[in-house]
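J.: Starting from the known structure of chain A, arrange chain B on it as the hints suggest.
So the sequence lines, in the order shown, correspond to chains A and B. Taken in order, the first sequence gives residues 0 to 494; the numbers are from numbering that gives the first Met the number 0. Taken in order, the second sequence gives residues 0 to 250; the numbers are from numbering that gives the first Met the number 0.
Since the hints were derived computationally from the structure, they do not count as laboratory data. A couple of the hints might just be wrong.
[To be verified] Label-pair ranges, simulated between beta-carbon atoms:
| hint | chain 1 | residue 1 | chain 2 | residue 2 | range |
| --- | --- | --- | --- | --- | --- |
| 1 | B | Gly29 | A | Gly418 | 48 to 54 Å |
| 2 | A | Gly19 | B | Leu28 | 56 to 62 Å |
| 3 | A | Leu204 | B | Pro87 | 58 to 64 Å |
| 4 | B | Thr101 | A | Arg273 | 47 to 53 Å |
| 5 | A | Thr403 | B | Val123 | 43 to 49 Å |
| 6 | A | Lys460 | B | Arg98 | 48 to 54 Å |
| 7 | B | Arg160 | A | Thr22 | 37 to 43 Å |
| 8 | B | Arg163 | A | Pro452 | 57 to 63 Å |
| 9 | B | Thr230 | A | Ala128 | 51 to 57 Å |
Even glycine gets a Cβ: it sits at the ideal position worked out from N, Cα and C.
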Amino acid sequence: MSGTFVGMPAFPKAAHEAVGNQTLRANLRHATHTIRAKRANAVAEVSDWAELREAGKRIKDHTLRHLDRYLVQLEESVTAAGGIVHWAADADEANRIVAGLVKETGESEVVKVKSMATQEIGLNEALEAEGIRAYETDLAELIVQLGKDRPSHILVPAIHRNRGEIREIFAREMSEWGRPAPEGLTDTPAELADAARLHLREKFLRAKVGVSGANFMVAETGTLVVVESEGNGRMCLTLPETLISVVGIEKIVPTWRDLEVFLQTLPRSSTAERMNPYTSTWTGTTDGDGPRTFHLVLLDNGRTDTLADEVGRQALRCIRCSACLNVCPVYERAGGHAYGSVYPGPIGAILSPQLRGTGSEIDASLPYASSLCGACYEVCPVAIDIPEVLVHLRERVVQGGPVTREGNKVVLKPAKGHGAERAAMRAARWAFSRPGALRAGQRLASRTRRLHPRTLPGPGKAWSASRDLPALPAEPFRDWWQRTNGGTGDEGTAK
Amino acid sequence: MRVALFLTCVNDTLYPETGRAVVKLLTRLGVEVDFPMAQTCCGQAHYNTGYRHEAEPLARHFSDVFGKYEAIVTPSGSCGAMVRELYPRMGERARAEGRGDTLAATLAPVVPKTYELTEFLVDVLGVTDVGAYYPHTVTYHPTCHGLRGLGLGERPRQLLRAVRGLELVELPGADECCGFGGTFALKNSDVSAAMGADKVRNAESTGAEVLCAADNSCLMHIGGTMTRLRTGMRPVHIAEILASTEEEPTA
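Extracted from the complex, chain A is given alone in its bound form (with noise of 0.2 Å):
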């Protein structure tokens, strides 16, 4: 994935600073709880709920079965629309396509349609390294890109920003990459989005090659879908003379009548829409109407081998609508940086270890950034079981196992760190195992009651930092059952 994000700390480290941030926290908070409240009713208004759910999940289901079948399909069909199909195995070589097809337009900049596809192989980074500037247009991915800070979330990148941020950022950066914002600008949101839309239309006007993902890929026709609020995006597909699409292969729906069930699950479940304001399809290339070259970017980047894991595999079926970030509570106090990665939240948590693999600090602790309540689950629009494919990336990271890497098999070994966390559950497992050895540990533990600290030592002083202990009892369940004959004897008093 992308290199921005190398060398961030694990999660619960991260997770710290966020929790400290008042304003942060302020912000998640609202955004969030405005979003979530809208999705519940816009998700209420319709009565077929359920059905589309489990529709989308069985087309998902289906079109990953088959991937290998719908890929070549997709390819022969946007290859007979007049499209060019590339392949690309990981980031590097996706980004060395894009910047090899941009140089051959003699072009040094492009407008590019919010993607999280491009996002994930930090693009704009690697075009900038061989000096082609990439302009976000966007309005949250321009306040990101401005603000020279990451995306926060998957729906709403700048999220973790509030009005008066975003002037400041605006006032103070928009100049340098173009048209700069107005005198005086002030922080309500209509000066702000004029100002934006002042700023971008330059590039709109200007550029030659635009650079865009796809929410869907239908295999049939080979056309490409993206849906959005704004319009910029469709800007960005209609204007330049040269399109670049880059598009995870798990994208694929195999036909239009299929994108009846998404059009309807996706704008619900991400901006509490009943329709996307903007819905653009394209399918190759049309004399004179639109881009006059088309090239498709498809993604691999770890995605077989997340569709090589059984229990893993469901995460491919993601539409990226973010509603369960917006219900997850751990990221609602974490924010999206936390997670390391461009998928925050509890969909990030279970793609970002398995399309990265779960080799360092930061991969390894996303299994455990969740309570495993479930709201993630209960409102995936594919229906999604987020805490299980959680608990089996918490199996893979404490006790290794088989996996797929790059196409090959391999047995992981279990992460470091994980120790005295082993040791303690084999020692519980094993008490647990025999009641009588679990009898005299409960009777140890009631008569040195006294004794307990209220604090705890080790690993236990997380624990007693924000909460009190329990008082222990005078004596266990079991002893009062056995002393009492199931209650029916003299209750007395415990000795």
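T.: Chain B alone, transformed into the frame defined by chain A:
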């Protein structure tokens, strides 16, 4: 009817009063309760932390101990969800790993017979008014595994509404996780503590004297946060409220 009480290792060790309340309540409703002394732990902490292979012997032990009973009742939504939701999955995983159907077959008998307490009262016994008396203002926190794992829905609230003297007040953000999450509370203690503090502040805003839930693990985290934040509220397990009568108040 005779049932086995699966108290859970946490309740047995730390919250015996909940066990005594379940026994009292079920006996009052004419149910014969047995407590199999060989019971230990369902393996949830192991499974959820990634130690599925350590959880397997505990699940087999659970089946050995409880398999012969007509019904198994537990006052814990999360341990109930472990048996009902995750035991079948453990069986499937063992099969996928080429270890045959043995584990699935061993665990299958206990899965449909395991009930969370409020579920057992409403669905099996068919009662919502258990004859309890509890003259306090109470707010109810539906724990995640009870709410989304087992789908307890309105059952606990139905039971609480029928308690004489009890005033039930709605908890803002009730469906949100309290931040316990087993080992999550240790591994991500900053986020866990922030979630717990928000839950306690929401509870405090109701003006209730008592926060009640059907899972003592969550109550341990919420209660520990309540005393640390000096709220004066008390965490009480729903079984203790339902067991309480005018003659013999239990909580």
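J.: Tell me the numbers of any earlier hints that the structure contravenes, in ascending order.
T.: 2, 6, 8
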